[in-house]
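Undergrad: Chains as they are written, first to last, in this note's numbering: chain A, 19 to 62; chain B, 17 to 207; chain C, 394 to 552.
To be clear, the hints were calculated from the coordinates, so they are not data collected in a lab. Even glycine gets a Cβ: it sits at the ideal position worked out from N, Cα and C. Incorrect hints may have been included.
Here's a subset of chain B near chain C, in silico, CB distances under 7 Å, partners left out [unchecked claim]:
1) G169
2) V174
3) M201
Ranges of calculated distance between the beta carbons of each label pair, as one might list FRET restraints [what the hints assert, rightly or not]:
4) K503/C <-> E59/B: 24 to 32 Å
5) E142/B <-> K503/C: 24 to 32 Å
6) K503/C <-> R132/B: 40 to 48 Å
7) S114/B <-> K503/C: 47 to 55 Å
8) M19/A <-> Y464/C: 15 to 23 Å
9) D456/C <-> M35/A: 44 to 52 Å
10) K451/C <-> E133/B: 21 to 29 Å
11) A33/A <-> K451/C: 53 to 61 Å
12) A496/C <-> F41/A: 40 to 48 Å
13) Y32/A <-> K18/B: 28 to 36 Å
14) I21/B <-> I53/A: 13 to 21 Å
15) A33/A <-> R170/B: 35 to 43 Å
16) T427/C <-> R132/B: 44 to 52 Å
Covered stretches of chain C (chain B as the covering partner; in silico rule of three or more C-beta atoms under 8 Å from a C-beta of chain B) [unchecked claim]:
17) 450-460
18) 470-479
19) 527-536
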Amino acid sequence: MSTLESIFWHIIGYAAMPAIFIFGFIAVAAGALWILSLGPDRDA
Amino acid sequence: MKQLIKLFWKKLSSPSRAAAGLILGMGFTGGILFWGAFNTGMEATNTEAFCSACHAPIVAEVRETIHYSNRSGVRAICSDCHVPHPWTDKIVRKVQASKELVAYAMGTINTTEKFRERRGYLANREWQRMKENDSQECRNCHNFDYMDFSEQGRRSVVQHSTALASGEKTCVDCHKGISHRLPDMHGVEGW
Amino acid sequence: MQKLIAVLLMTGVIAVAQGQDTSDQADAVEAGSTSNGGQASLRGLTQLDVTKKADSFKRIPKDRSPYVSDYVYQPPLIPHRIRGYEISTNANKCLSCHSFRNARDAGATKISVTHYGTREGQVLSDVSPRRYFCLQCHVTQSDTALLIENDFKRVDSLR
Chain A
19 MSTLESIFWH IIGYAAMPAI FIFGFIAVAA GALWILSLGP DRDA
Chain B
17 MKQLIKLFWK KLSSPSRAAA GLILGMGFTG GILFWGAFNT GMEATNTEAF CSACHAPIVA
77 EVRETIHYSN RSGVRAICSD CHVPHPWTDK IVRKVQASKE LVAYAMGTIN TTEKFRERRG
137 YLANREWQRM KENDSQECRN CHNFDYMDFS EQGRRSVVQH STALASGEKT CVDCHKGISH
197 RLPDMHGVEG W
Chain C
394 MQKLIAVLLM TGVIAVAQGQ DTSDQADAVE AGSTSNGGQA SLRGLTQLDV TKKADSFKRI
454 PKDRSPYVSD YVYQPPLIPH RIRGYEISTN ANKCLSCHSF RNARDAGATK ISVTHYGTRE
514 GQVLSDVSPR RYFCLQCHVT QSDTALLIEN DFKRVDSLR
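Looking at chain A on its own, in the form it has when it is part of the complex (with noise of 0.2 Å):
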């Protein structure tokens, strides 16, 4: 593997992780507010 093919995948790979924990985030609170959609929030 090339330095420059590594330092691409050290890129990409790094930059997987914040979008990890953000993707993470969006699919926790979605899957919150339709909880709360049924419960306390309910549009009735």
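Knowing the structure of chain A, use the given hints to seat chains B and C on it.
TA: Only chains B and C this time, still in chain A's reference frame:
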């Protein structure tokens, strides 16, 4: 799609009728569940069964070696050697594994002949990686500082106490072929 | 009197008949016999149709000092374990320590020059293919009793 995002954002930025504790609890629990599911899924890609799905012949080669079956039963599977242990390095390697999906789609080594030709290149890539990280995956289990030279054979004592101790050589320099059969070793240093 | 003769005849016939049976049995022993005939072998005194319990695996010493040769031109015995050492067209693990090039760094005995010649005596620049597969001649020794007790002695020049 855009409407969905707008609706999502609106809901996120408006107050809820629920108690603060409930919302915080849901977030906390949701975070734990997500993190557990994510890492469980990732560890599933570290199992022998998962690697075997594409790399079956290589996994079969390990079955003849000491890392598969030995006196003490302490063994190593694919990920113990080929996937870094620290989480950040592991994620980098997992992202890099998307390259293997491309190779799978393109059929780079989908016949025995193609694999044989490419084997030297693949082996060298792994040896180079291990040389660069000072055989870190070996050292995850085989800690040099706790090697008991009185228990080792004569040749091992000589080599470990000189070349390995001084840092001149790393594990993989001598222990090529410890886990898989060797590619064409013509031109490889030390062979 | 006649009754007596008849009885004697009957017993005689029965005796002869029984005698026939035993001679049949004797034939059976010679033809398809599974007896070891009292001869001990490496299997011990077990009968031919009995499966002896397998011996335990022998251990090979991990790594010891080189063996002294027992006779001139003996392929030296291997004094260390060779589990997993690959000899194939791709790689010869033995040569990775015992070749001329690697022997000094590895601290190993060099292979002898006899390994570089063809059958006709022509000298090659690398190991001859007829000597490439080390284990055809060189063997390890296991840590066990002699198979057959003997009092073999080396010649004076090797003792």
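Undergrad: Decide, hint by hint, whether the structure agrees.
TA: Comparing the hints with the structure gives:
For G169/B, the interface hint holds, the least distance from its beta-carbon to any beta-carbon of chain C being 3 Å, beneath 7 Å. A distance limit of 7 Å between C-beta atoms decides the matter here; for V174/B the minimum to chain C is near 6 Å, and the interface restraint holds. This hint holds: M201/B has a C-beta 4 Å from the nearest C-beta of chain C, less than the 7 Å allowed. Separated by about 49 Å at the C-beta atoms, K503/C and E59/B break the suggested range of 24 to 32 Å.
Taking the beta carbon of each, E142/B and K503/C are about 31 Å apart, inside 24 to 32 Å as hinted. Separated by about 32 Å at the C-beta atoms, K503/C and R132/B break the suggested range of 40 to 48 Å. At about 49 Å, the CB distance of S114/B to K503/C agrees with the hint of 47 to 55 Å. Hint check: M19/A to Y464/C, Cβ distance near 54 Å, so the stated range 15 to 23 Å is violated.
Between D456/C and M35/A the C-beta distance comes to about 46 Å, which sits within the given range of 44 to 52 Å. Taking the beta carbon of each, K451/C and E133/B are about 41 Å apart, not inside 21 to 29 Å as hinted. Between A33/A and K451/C the Cβ separation comes to about 57 Å, which falls inside the hinted range of 53 to 61 Å. Take A496/C and F41/A: their Cβ atoms lie about 57 Å apart, and the range 40 to 48 Å is violated.
Between Y32/A and K18/B the beta carbons are some 30 Å apart, a value that agrees with the proposed interval 28 to 36 Å. For the hinted restraint 13 to 21 Å between I21/B and I53/A, the CB-CB distance of approximately 20 Å keeps it satisfied. Remark: the range hint 35 to 43 Å for A33/A to R170/B is contradicted by a beta-carbon distance near 50 Å. Distance hint check: the CB atoms of T427/C and R132/B are about 51 Å apart, consistent with the given range 44 to 52 Å.
As drawn, the region 450-460 of chain C meets chain B at 4 residues by the rule of a beta-carbon pair under 8 Å; at three or more, the given contact holds. Under a criterion of three residues with beta carbons nearer than 8 Å to beta carbons of chain B, the stated coverage of the region 470-479 of chain C is upheld, 5 such residues being counted. Look at the region 527-536 of chain C against chain B: 0 of its residues bring a Cβ nearer than 8 Å to a Cβ of that chain, fewer than three, so the hint is violated.
Checked against the numbered hints given earlier, the structure breaks hints 4, 6, 8, 10, 12, 15, 19 and satisfies all the rest.
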